[in-house]
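S.K.: For reference, the chains in residue letters:
Protein chains: 2
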Amino acid sequence: MSHDVLPGDARVVFEVIRGRRCIREFIDKEVPSEYLRVIVEAGLWAPSGSNLQPREFILVRDKNLLRAVKLVSPGLYGNPSALLIICYNKNTARKGGRLGETMALLDAALSAQNIMLMAYALGVGSCPVMSFNKMAVKEILDIPDYVEPVLMISLGYPKSWPKPPRRKSVEEVLHVDGYGRRAR
Amino acid sequence: MSHDVLPGDARVVFEVIRGRRCIREFIDKEVPSEYLRVIVEAGLWAPSGSNLQPREFILVRDKNLLRAVKLVSPGLYGNPSALLIICYNKNTARKGGRLGETMALLDAALSAQNIMLMAYALGVGSCPVMSFNKMAVKEILDIPDYVEPVLMISLGYPKSWPKPPRRKSVEEVLHVDGYGRRAR
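Those protein sequence lines, which keep their order, are chains P and R. Going by this note's numbering, the letters in the first sequence line up with residues 9 to 192, in that order. Going by this note's numbering, the letters in the second sequence line up with residues 9 to 192, in that order.
Fair warning: there could be bad hints in the mix.
Copies of one chain are not kept apart here, so a pair can be met inside one copy or by any two copies together.
What the hints assert, rightly or not - Computed cross-link-like contacts, DSSO-like style, restricted to lysine-lysine with a CA-CA straight-line distance of at most 30 Å: (1) K103 <-> K171; (2) K103 <-> K146; (3) K142 <-> K98; (4) K103 <-> K142; (5) K98 <-> K176; (6) K103 <-> K176; (7) K78 <-> K103; (8) K71 <-> K176; (9) K171 <-> K98; (10) K176 <-> K146; (11) K71 <-> K37; (12) K78 <-> K171; (13) K146 <-> K71; (14) K146 <-> K171; (15) K37 <-> K146; (16) K71 <-> K167; (17) K167 <-> K142.
Calculated directly from the structure, the hints in this document are not laboratory data.
Whole structure, please, built from the sequences with the hints as guidance.
M.R.: Structure (structure tokens):
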């Protein structure tokens, strides 16, 4: 099936999914507050295990705080206009029982993908960052013990939209009706 | 900012993000193969830590296999036309070092969100399932030891599109420039 024949909205969604890039160089231009709000809101609409919604978000816009977080975050590149730190509340997550904390981790990531797609659809670049010093970030942002940062999303206007890194093909990663059985 | 004034593609993306539902009752109608392929492809375009792409996908369409998997999956509701099991390859994930396996888990979820949005944009219902017996599923689908199933996505045409469960508001979960500081 050629993607050109997808029905209207599906084509837009596929193009946004395929067009999003990880942005590591930003220009010096603020992302408007209203955009940041819509981007956060998109994150809230991701599903959540048992609908517990253990997610909490910390938006960092203050330049001094951004600088401080960057110093302890080796995975954070460039100077984004804002950072959105996706966390989960451990007290809420524990209500999910044995799987609670793993679900909360996955919930954070489901949310992150909505956030990055929404940003891209608004012309805003983003990049997920996992490599940061959690203890230091918690200290800088007064994050209490019962809140666990999972990943950060940098947000800003990109210097450029890079070409996509190579993706594995469907054939390489898809198995049908059993491992090792390929799609016909 | 009213969502009605979002630029064209952004509005479509927001509507798809907000419109997606977890579907737990399906009608007896197959999802076309071409749609399933586009849905899987959407999953491949999610970012991946260090671009390792440890993800592997097992699509289950065979009715007997679907029945067998359902028997060991308490979190799986209804009779979907297909199941997509999102896994990661542990050998690939380990190349990511200390954070490798956590990154692979998050990668799987980033991918899952693309998959559910793409499905919805094509009129296909989905639901993420985390509660299943991993050992039994691995046995049923010949999944080797070095491949770890993370979550399943059920796919099919919904009996109906349910109303959204209550979502926390932006005000409840967003902190700005420090935990406990609310957006102005």
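S.K.: Which hint numbers does the structure go against, in order from smallest to largest?
M.R.: 14
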